[in-house]
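Student: Residues per chain are reported as follows:
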Amino acid sequence: MRTEFLRPIDGLGLSNEYRALLRPGESEAGANGTVHRLPRFFYEIGSWEEAHEIRLTPHFTLAELMLVDCREARLLLSQFAHYVPCAIVLLARFLEDFRREVDAPVFISANGGYRSPAHQIGGAKSIHAWGTAANVYRIGDTFLSDARAIEKYRTIAASLSPAVFVRQFGRDHGQTDDHLHIDLGFVNLTPRKCSEAS
Amino acid sequence: MLSVDVSNGLHEELETLALKKKARAIGVALHDLETGFRFSLRGDRWFHAASTIKVAVLLAVFRAADEARFRLDDSLHVRNRFFGAADGSLFRVSQDRDATPELYATIGRTAKISALAQAMICGSSNLATNLLLDFVGVEYARTVLQEAQVAGVELRRGVEDHGAHERGINNEATADGLLSLLSAIRGDFLTPERKQAVIRILLEQRFNSMIPAGLPPHATVAHKTGEISTACHDIGIVYLPEREPYIVAILTEFDPDTDGRREMVAAISETIYRSLLRTEPKSNED
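Just so you know, the sequences run in chain order A and B.
Under my numbering, the first sequence has 164 at position 170, and the numbering climbs by one with no breaks.
Under my numbering, the second sequence has 1620 at position 168, and the numbering climbs by one with no breaks.
Don't read these hints as lab results, they were simulated from the structure.
There may be inaccurate statements among the hints.
As the list claims (entries may be wrong) - Covered, in the sense of this in silico footprint (three residues per stretch, anywhere, with C-beta under 8 Å from a C-beta of chain B), are these stretches of chain A: (1) 59 to 69; (2) 125 to 138; (3) 164 to 172.
Model, not experiment: these values are computed from the prediction.
From the three backbone atoms N, C-alpha and C, an ideal C-beta is built for every residue, glycine too.
Please build the complete structure, drawing on both the sequences and the hints.
Tutor: In structure tokens form, the structure reads like this:
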């Protein structure tokens, strides 16, 4: 596991333009009225090369958990440093356990890992803004695009921890039909060296 | 020869061809940039646009890039999942009907917008088309057509949207409309850099059995074909080194499973070429 590039920072210390996009520590109301605080502590990533080098677990690099398309805010898309919530390491750990259980490579889709609160898909209301959610589009040679595949792997993922939420197959709101959505809830992680004092 | 003579002669020849090949209908529009000659044979008749509609999507994508809505080297999530125009129901496009299998290998990952535009035109990829149209939005694309003063091209939905098709929601176009679309591309609607990029993509068309097949080998054509069970079209800008280009839209409609549809479009292309350059028909003895 290569994590020497991981540099935790307090998002409150970022420049105004980054803070406007990442909204560190701000409250965000969900669709059902629950309120959660957006991540405040981030790992600062200096380049894509670094992101590819950083192996969070034996089978997951940071890069594959932060791949987004052009629906991401321009500043966050095109310039480094990038900032990824520290809880991403917990997601990677879970995905590693899941991979071991299914005994096959697990592929995370674009926009399927961390997305900033400024991302056009879901925005700050999406749990992807916490860095604790992953959209898996393929396991081994199986594309997760039908009920059978999604339900099979949903059962396995859900069995690994009571904290894990996995969306059901379906075409209604809150369901998925072309990937497996796994998330660990609204987890915020404060690295040891960081203080939560404002 | 007076342009009215050319027009009358062309009209007669094309009608004869249509009759001979048992076309249900043809629509042809032509603008010769060398002489200014314009010709339209049922240019205002509406046809199912088939894949010629992808040129309208191409214009919208490049216009959006001109407006700095995104960059052409930006990446887009490749996902085979679209919402129908009729009722919002989900549908997927079929890999079997797509000439760009390589794009399906990237599902789940990303592809550059420029590469999708290329696949949409050169390989007529339905997946790329729907991804791009979904991204820019049908309403935006329609607005672009209005701004470009393109009348006669009705972009209503993505491709392979069978639910919409069953409810009569289709992309439709006239030959005059598609001619004005190509004219907008060749004009100053896009910035010079983007205009050149669009024409370059159209020049790299992989399906060359229609307009180019009726032309001499030294001609190059920036074009887009379109075929469904009852329609067979080709629209393009024909470049000849000895003269200014001409723009042509050839739309045809047949009963399903009629043979010789592409050959007929090629024959129309050849007829137009001969009329404009006043050359003799190709010999059958070659």
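Student: Please go over all the hints and tell whether each is borne out by the structure.
Tutor: Against the structure, the hints come out as follows:
1. For the segment 59 to 69 of chain A, the proposed coverage by chain B is satisfied: 4 residues have a C-beta within less than 8 Å of a C-beta in that chain, meeting the threshold of three.
2. For the segment 125 to 138 of chain A, the assignment as covered by chain B holds, since 3 residues bring a beta-carbon within under 8 Å of that chain's beta-carbons and 3 suffice.
3. Residues of the segment 164 to 172 of chain A with a Cβ under 8 Å from some Cβ of chain B number 3, which satisfies the need for three, so the listed coverage holds.
Against the hints set out earlier in the document, no violation occurs for any number.
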